[in-house]
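Undergrad: Spelled out from the first residue to the last, the chains are:
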Amino acid sequence: MRGVSIIGIGTTPFGILEGKSLKEIATIACNEAIKDAGIEKEAVEAFYLGNFISGILLGQETIAPLVANSLGLPKQVPCTKVEGACCSSGIALRQGYLLVAAGLANFVLVAGVEKMTSATTEKNTEGLASAFDQETEGQTGLTFPGFFALIARRHMHQYGTKIEHLALVSVKNHGNSTANPRARFRKKATVEEVMASRMVADPLKLYDCCSISDGAAAAVLCPSDIAHQFSRKPIDILASAHTTGFSTTYEMDDPTILMATVMAAKKAYEMARLFPQDIHLAELHDCFTIAEIVDSEDLGFFEKGKGGFAVEDGLTQVGGKIPINPSGGLISKGHPVGATGLGQVYEIVKQLRGEHENQVRNAEIGLSHNLGATGQVCTVHIFKRRG
Amino acid sequence: MMNMPGEERLTLLRCAGCGALHVHPKVLCPKCGHEVLLEHSASGLGNIYTFTTIWVAPEAFKKQVPYEIALVQLEEGIKVTARINKKPEETMQIGKPVKFLRKNNLGYWFEL
Numbered sequence: 001m002r003g004v005s006i007i008g009i010g011t012t013p014f015g016i017l018e019g020k021s022l023k024e025i026a027t028i029a030c031n032e033a034i035k036d037a038g039i040e041k042e043a044v045e046a047f048y049l050g051n052f053i054s055g056i057l058l059g060q061e062t063i064a065p066l067v068a069n070s071l072g073l074p075k076q077v078p079c080t081k082v083e084g085a086c087c088s089s090g091i092a093l094r095q096g097y098l099l100v101a102a103g104l105a106n107f108v109l110v111a112g113v114e115k116m117t118s119a120t121t122e123k124n125t126e127g128l129a130s131a132f133d134q135e136t137e138g139q140t141g142l143t144f145p146g147f148f149a150l151i152a153r154r155h156m157h158q159y160g161t162k163i164e165h166l167a168l169v170s171v172k173n174h175g176n177s178t179a180n181p182r183a184r185f186r187k188k189a190t191v192e193e194v195m196a197s198r199m200v201a202d203p204l205k206l207y208d209c210c211s212i213s214d215g216a217a218a219a220v221l222c223p224s225d226i227a228h229q230f231s232r233k234p235i236d237i238l239a240s241a242h243t244t245g246f247s248t249t250y251e252m253d254d255p256t257i258l259m260a261t262v263m264a265a266k267k268a269y270e271m272a273r274l275f276p277q278d279i280h281l282a283e284l285h286d287c288f289t290i291a292e293i294v295d296s297e298d299l300g301f302f303e304k305g306k307g308g309f310a311v312e313d314g315l316t317q318v319g320g321k322i323p324i325n326p327s328g329g330l331i332s333k334g335h336p337v338g339a340t341g342l343g344q345v346y347e348i349v350k351q352l353r354g355e356h357e358n359q360v361r362n363a364e365i366g367l368s369h370n371l372g373a374t375g376q377v378c379t380v381h382i383f384k385r386r387g
Numbered sequence: 001m002m003n004m005p006g007e008e009r010l011t012l013l014r015c016a017g018c019g020a021l022h023v024h025p026k027v028l029c030p031k032c033g034h035e036v037l038l039e040h041s042a043s044g045l046g047n048i049y050t051f052t053t054i055w056v057a058p059e060a061f062k063k064q065v066p067y068e069i070a071l072v073q074l075e076e077g078i079k080v081t082a083r084i085n086k087k088p089e090e091t092m093q094i095g096k097p098v099k100f101l102r103k104n105n106l107g108y109w110f111e112l
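Note that the protein sequences, when read in sequence, are chains P and H. Note that the first sequence covers residues 1 to 387 in the working numbering. Note that the second sequence covers residues 1 to 112 in the working numbering.
Simulated from the structure, these hints should not be mistaken for lab results. Watch out, some of these pointers could steer you wrong.
Here are the in silico distance ranges between beta carbons for each label pair [as the list claims (entries may be wrong)]:
(1) P/G305 <-> H/L21: 25 to 33 Å
(2) H/P30 <-> P/K304: 20 to 28 Å
(3) P/R273 <-> H/E8: 55 to 63 Å
(4) P/D225 <-> H/P30: 41 to 49 Å
Heads up, simulated DSS-like pairs for lysine-lysine below, C-alpha to C-alpha not over 30 Å straight-line [claimed, not checked]:
(5) P/K123 <-> H/K86
(6) H/K86 <-> P/K162
(7) H/K103 <-> P/K123
(8) P/K162 <-> H/K87
(9) P/K123 <-> H/K62
(10) H/K96 <-> P/K306
(11) P/K35 <-> P/K75
(12) P/K321 <-> P/K384
(13) H/K96 <-> P/K304
(14) H/K96 <-> P/K162
All figures in this text were calculated on a predicted structure; none of them were measured in a lab. We treat Cβ as the ideally placed atom computed from N, Cα and C, and that holds for glycine.
Construct all of the structure, not just a fragment, from the sequences and the given hints.
TA: Given below as structure tokens:
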């Protein structure tokens, strides 16, 4: 296997991109990534595009060749859409990584896109709920806020996590995104504002939830041994892991642990020959405040049950023991579901290049964690800058 | 034996190979791969493992808001995701006993 590096990144802002279609925003992000890599688009040998619900929300499918044609990629380039709910573009990155690592291609374009804000909240909730098993749990009217609310209540019961701990995650992430020009929300939030926001799925309130957004993000991958020819600051992918968890809540022994994350983290740390304490920053899947707490434990940053207390102690802030979601995360940067995984990678690459608006000092190693549905799908990637 | 109206029994599936219990229909036992699953009559008793009230629902459930969903820990040891038929004066709490009510197009229903 060859080493794989990122030589180019591109993105749109995340948020309400009014008047811009899915095809347009994906094209903009991909074009920016190709330019940033300093390659000609004719050099691209394969294209993977992550997307979750364009079929349901927009009636638009077959979007990988659609975007490739909009971008003007050569017709011999194989274009593949990958779907794993909110983990779709984490998987796109993983697929591109495999192709380059295996020596089957030198330059691979990976991207993610979602266009959500033109549909109603109910339509989006319905679309997102399509990731439930429709023959079992989906029948009940369970929603994703509801799924994470079930986890939150149990986490509070088992470990003494407080409702204020959840609110503090939202406050931190809103604070982080004030500096991020790509974020949907740029205003600070207070614990009082979070607690007073309207109920979505008890005990989760509006400010505990990620925001429906439009957005696209992309990256160009190539073999590590030639990456310096294209980028002054290539970012090496030290680990790429992709796992599967339970499809339904009732099958989980303990829903406060998402096994797909635990397994992906274990594989990724082994592959990178690193430990959780070696990571300088993480962009992890905070689709809800409780998810950030659970993920931070499952990734090994904190002992199970201690994630909420770690937030209270400031350990996850920029400047803390392990800065989590310095971009603002899904909660405040936004969650265009199919684009999120590569949106996280965009933020990490900026951090490791030393070019981020909310820079973690001396950041050398970063981790991204992308989760789909009920923790059915997970990818974990570890990145390192050179020198 | 026929069930009286309103007195539905909770039926699970038991794997003829490894004995594992399953709530919903399965083509085969995901635990051991055995293809024979036999009906298993359950007590219908359990308790609330965790719960939530849904205030923002998908389009098709919009008119039912707010509604309660719980993960019910059955006496038989397995869990089921279910709707809870809660009277306004009743409160949900982890550990509270619940009883199987019925199964319909919204899945399993329990009451406090």
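Undergrad: Give a verdict on every hint.
TA: Results of checking the hints against the structure:
Roughly 29 Å separates the CB atoms of P/G305 and H/L21, a value that falls within the hinted 25 to 33 Å. About 26 Å separates the C-beta atoms of H/P30 and P/K304, a value consistent with the hinted range of 20 to 28 Å. For the pair P/R273 and H/E8, the beta carbons lie near 56 Å from each other, so the given range of 55 to 63 Å is met. As the Cβ distance of P/D225 to H/P30 is approximately 43 Å, the hint placing it in 41 to 49 Å holds.
For the given pair, P/K123 sits about 27 Å from H/K86 by alpha-carbon distance, which is consistent with the 30 Å threshold. Under the criterion of a C-alpha separation no larger than 30 Å, the hint pairing H/K86 with P/K162 is consistent with the structure, at around 25 Å. With a C-alpha separation of about 26 Å, the suggested pair H/K103 and P/K123 falls inside the 30 Å cut-off, and the hint holds. A threshold of 30 Å between alpha carbons decides the hint, and for P/K162 with H/K87 the separation of about 27 Å falls inside it, so the pair holds.
For the hint pairing P/K123 with H/K62, the CA-to-CA distance comes to about 11 Å; that is within 30 Å, so the pair holds. Restraint check: the Cα-Cα separation between H/K96 and P/K306 comes to about 26 Å, which is no more than 30 Å; the hinted pair holds. For the hint linking P/K35 to P/K75, the alpha-carbon distance of about 19 Å falls within 30 Å, and the restraint holds. Distance hint between P/K321 and P/K384 is fulfilled; the C-alpha atoms sit about 18 Å from each other, no more than 30 Å.
Restraint check for H/K96 and P/K304: the C-alpha separation of about 25 Å stays at or below 30 Å, so the hint holds. For a cut-off of 30 Å, the pair hint linking H/K96 to P/K162 stands: about 21 Å separates their Cα positions.
In this structure, every one of the numbered hints holds.
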